[in-house]
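Based on these hints, arrange chain F on the given structure of chain W.
Read off the chains here:
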Amino acid sequence: MTQGADHLAPLETAIEDEGLIFSRDDDDEALRITFKSEGDRYFIVGYRDDPNFVMIGSGWSLPAGVLLGEAAEIANSLNVRKKFVKTAVWEEERDALFTVELCVTSAEEIRPHFGRLLDVLRDTAAEFFAELREE
Amino acid sequence: MPALIREEIAQFIEGEGHRVEVSLLEETEELAEIAFRTRGQMFSIAVSEVDPTRFSISTAYEVPEWLSERAGGAGDSLRDVEHEYPGTRFMLAHDGTIFVATIDFEAPNVGEFTGQFWRVLGRLRDAGNSAVERMVDRSESKAAADKFIRQFMRGDR
Numbered sequence: 001m002t003q004g005a006d007h008l009a010p011l012e013t014a015i016e017d018e019g020l021i022f023s024r025d026d027d028d029e030a031l032r033i034t035f036k037s038e039g040d041r042y043f044i045v046g047y048r049d050d051p052n053f054v055m056i057g058s059g060w061s062l063p064a065g066v067l068l069g070e071a072a073e074i075a076n077s078l079n080v081r082k083k084f085v086k087t088a089v090w091e092e093e094r095d096a097l098f099t100v101e102l103c104v105t106s107a108e109e110i111r112p113h114f115g116r117l118l119d120v121l122r123d124t125a126a127e128f129f130a131e132l133r134e135e
Numbered sequence: 001m002p003a004l005i006r007e008e009i010a011q012f013i014e015g016e017g018h019r020v021e022v023s024l025l026e027e028t029e030e031l032a033e034i035a036f037r038t039r040g041q042m043f044s045i046a047v048s049e050v051d052p053t054r055f056s057i058s059t060a061y062e063v064p065e066w067l068s069e070r071a072g073g074a075g076d077s078l079r080d081v082e083h084e085y086p087g088t089r090f091m092l093a094h095d096g097t098i099f100v101a102t103i104d105f106e107a108p109n110v111g112e113f114t115g116q117f118w119r120v121l122g123r124l125r126d127a128g129n130s131a132v133e134r135m136v137d138r139s140e141s142k143a144a145a146d147k148f149i150r151q152f153m154r155g156d157r
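These protein sequences, in sequence, are chains W and F. Residue numbering for the first sequence is 1 to 135, as defined by this note's numbering. Residue numbering for the second sequence is 1 to 157, as defined by this note's numbering.
Among the hints, erroneous ones may be present.
Derived DEER-like restraints, expressed as beta-carbon distance ranges [unchecked claim]: (1) W/E92 with F/P64: 47 to 57 Å; (2) F/D126 with W/S23: 24 to 34 Å; (3) F/G87 with W/P63: 26 to 36 Å; (4) W/G59 with F/Q116: 17 to 27 Å; (5) W/S23 with F/V120: 24 to 34 Å; (6) F/R79 with W/S106: 45 to 55 Å; (7) W/S23 with F/P86: 32 to 42 Å.
These are calculated hints, taken from the structure and not from any lab test. These figures come from a predicted structure and were not determined experimentally. Backbone N, C-alpha and C fix where the C-beta goes; we use that ideal spot for every residue, glycine too.
Bound conformation, chain W alone:
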């Protein structure tokens, strides 16, 4: 694939297939798509110099009072058992990040599975916060 080409274009189509509205925010290094589903924000990131890498994710603020150690423990347990999704606690920002990171020949490969990947992102975030409330 030619460096500099818009290798995220197939994911725009995938987002449209889901009936969602998106916006682009590209720069010299990265290609970014942002969109919402049921009011929650998601992003897709690719790098111009690495067209085989695609990240789909969402980020959430941790509620005040949440202990970072507890949040990291829950993230760790989700990482052990969840398919596709990586959960990370960004301690400096007090954010929880849920990402799917893929290595593909073309983002077109992701398109038929896009709905499933959104589902697992949504479900993992829901499980994370449900477990956090139980702590």
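Then chain F, alone, in the frame of chain W:
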């Protein structure tokens, strides 16, 4: 001039990230349907400009072909699930090949409706999925029972 109810709701859903289609159901422009897609499923909201406190959210599911052809079909399962999800109505349509799940929602204003929107829609989705699962479970257990009875009658067991 106050905003139309259908426009307020359509703007809310678009603001939540979803494309919407608004169609008028009558020439009087009093009844409208707002359609959008989420999690791979189409939903529609029926709104009335003359009664802005009542809203109906609906979605349709296919009845498995092999089930719609059987006597009793999906009706028993739908009745069961209606009891488990009070407030949800099920209706068979298109000669029993699909069923429509609907929740009627009353709210004093649009803001109250949109504040509850995703929770209500989630409940509708749970009820619909539960009905589909029930249909399949019931059919499978009935098939297992039929098989057992047939073999028992032949003396194989």
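Where does the structure disagree with the numbered hints, that is, which hint numbers, in rising order? none
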